[in-house]
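With these hints in hand, go ahead and build the complete structure from the sequences.
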Amino acid sequence: MVDTAAPRAADSDPAPDSAWRVRSRRVWELTTSLFSNPTTIAGLVIVVLMIAMAVFAPLLTDANMPDPYQMPRDWETPRAPPGTPGHPLGTTNNGGDVLYGIIWGARTSLRLSLIVVSLTVVIGVTVGSIAGYRGGKVDEFLMRIVDVFLSIPELIFALAIAAVLGPSFRNIILSLAVVFWVKYARIMRAQVIHVKQNEYVDAARAIGDSKLRIYFKDVLPNSITPIVVQATLDMGNIVLIGATLAFIGLSEAGIAEWGVLVSEGQAGISSGRWWASTFPGLMVFLWALAFNLLGDGFRDVLDPRTETTR
Amino acid sequence: MTLTNTGPDTHEVRPPGAIASVVDLKVHFQSKRGVVHAVDGVSFDILDGETLGLVGETGCGKSVTARSFLRLVPMPPGIAVGGAIHFRRRRPCQHCGGDGCELCDGLGRLPEECSQCGGPGCEHCDGSGIDNVDLLSISESLMNEIRGDRIAMIFQDPGKALNPGLTIREQIAEVLYEHRSEEIMERAGFDPEASNVTGTLVRRRATQRDRRPERILMSVPPFRSRRARLTRATDEMVAEALTETQIANPLKVMRRHPHELSGGMKQRVMIAQALACNPDLLIADEPTTALDVTVQARILELVKSLQERHQAAVLYISHDLSVVSQVSDRVAVMYAGRIAEVGTREQIFSEPLHPYTQGLLAAIPSGSHERGRLTAIEGTVPELIDPPPSCRFVGRCPYEAEQCRSADPILASFEPGHQVACFIHSPEPDSSLDQPSFARKTK
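Going down the list, the sequences are from chains A and B. Numbering follows our numbering, with no gaps: position 288 of the first sequence is 288. Numbering follows our numbering, with no gaps: position 47 of the second sequence is 357.
The hints are simulated quantities; they were obtained by calculation from the structure and are not laboratory data. What you are looking at is a predicted structure, and each value in this text was computed from that prediction instead of being measured. In this text, a Cβ means the ideal position worked out from N, Cα and C, and glycines have one as well. Just to be clear, a hint being listed does not mean it is correct.
Residues on chain B that point at chain A, a partial pick, calculated with CB under 7 Å [claimed, not checked]:
#1 Phe-339
#2 Leu-380
#3 Leu-382
#4 Val-485
#5 Glu-488
Covered stretches of chain A, as calculated for chain B (at least 3 residues, CB under 8 Å) [said to hold, decoys possible]:
#6 86–98
#7 215–228
So, in structure tokens, the structure goes:
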């Protein structure tokens, strides 16, 4: 972090400062600077709406029992345009309600991105930390593995893995996890190598702390912020790539997933039935955009290297 | 890769009053162009309760010598450490409990008995009966017991030596958790030896060895009050450590993060952290270089007064002769990885023997100088990559002779307590003694 050396020690705050107050003040400062940027607010609003939609999906629609993630099929009214009673956003060729797909698709997307991001962050941070902190041969070995993963383009690699494993939603999660962890490993390794050269790490050794304790006390907390930024950006990217894989047909057919919906609707586009592809496509776009805006906002606030124009 | 001690001086009898003896210390670094002999055969003693000033210009190996005491030299690119640093551990005097009494000469500490003979004196302890450990060869766990507890270090730039993400309280408490957990428990009214569930929980909390489930357990009612007692005890001890450094408003400073403090305050925090466990030896690596002059004077006074109170020995490293002349009892002058001259402060400053020391003293600007003229030592510091077997000061020395270019002078006694490595003062280098160390080492 940048040492601003602000002479704030002199300020006269009569209330006794508890550690909790110090921390909440810091969180407050970060939050206010985060929300001084209108694009970040826009991103956050969309993200909150999307997550609310995902969380309250069973209240917004009648869940399709027994498996609510399967699209309900209304064989009476296939290819209904938007505005049809009972189907405000129309239906697909197979009578799937587009609105239902969008709402439960948000849930699918949230599930996908949360699982993949938490898996990849855990794996990436662990591998990157070991490589960066231990250094030497261990570092060399782990980073060569990372290089192998990085040498193949993300989408192609995920596609290949998902294709080998067979078309299912779980396999999409697996394949994305396999592809995305390397990014975190690289970022974390670079951060750890940078942070461990700080003199406070030497100072911690000079007071007799063990290496593991120094890692958890000094190195990890001071190197995690770029991971937070990357994770936020990836929340969007993963849904984008997940939808792509689903569009190609690597997901189970008929589930409420935006990529699957787009692919279901694409046959009708040439005959003027634009709605079945457009609405879910728009959702993917909004989701990716929102998380990117939010991630950029985080980066401006958390990363001292980017100058904020506040 | 560690050098074996081949020099005969490794077993030289060390003065009984020395708390630490550096013997033929060598630290080399691997660089692309060759092996850098950053520290090349340095020997000196730090006596009990004294301040030894280590002076030398940038890059002469002062900081590397200091860091070797705590084994903080990074091991790549550092490739070889040779020699030994003998350290005589102390323990609190059982008679007075650390306050100082006749038994311990007011030091509050007694030397540990030799682990080999238990007192009467043997070869291991040079007949002194006092335990000594070689800081360069002991295990990492024993080293961690000594670090921060028996030997503490103050770093050059306090702004970089404090973790920006932790409050001052947390950083000072860290030393206490590591070395003074029993005192924390006693203060909080717990028995440090208790073996029941509560005792174990409290002990693990006081040493910060507790895991997440234990923390949750400690936050629910029957244990919550115990945790609060521990926290209060720690707070008290941290506040006491800070008060010692005469920092303004210690209770408030405790809750601050480093970026909210000024440089002088941060250095006081570093000093509080270093002295929290009452160490036997304090290593101050240019503690005032990053501070401005007025703050510098206050910090120097503080270090001196605290040293007198705690009776700790101090290794004070600086490139600033005026600072060294203020704080030190004895002075060692380093040049290009070697000790050029060692003596008391009076000896070094009133009758310097080594041409380098003389040049350094002449270079201090004074009022009598003509305006605009500064004296400097001619030439530049030699490269320390695979140095030739000659005196390191060759090329800059006004008294250079043929002998200086072909042989390396060793540190020899000139008068009691005053040693110098120069052929002017000891014309005959004793060839049987440890001669140019690099000839022996370089592979």
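Hint check:
1. Phe-339: Not OK, violated: Phe-339 of chain B not within 7 Å of chain A, min 15 Å.
2. Leu-380: holds, 5 Å
3. Leu-382: holds, 5 Å
4. Val-485: This hint holds: Val-485 of chain B lies near chain A, its Cβ roughly 5 Å from the closest one there, short of 7 Å.
5. Glu-488: holds, 5 Å
6. 86–98: violated (count 0)
7. 215–228: Held - the stretch 215–228 of chain A has 4 residues with a Cβ nearer than 8 Å to chain B, which meets the minimum of three.
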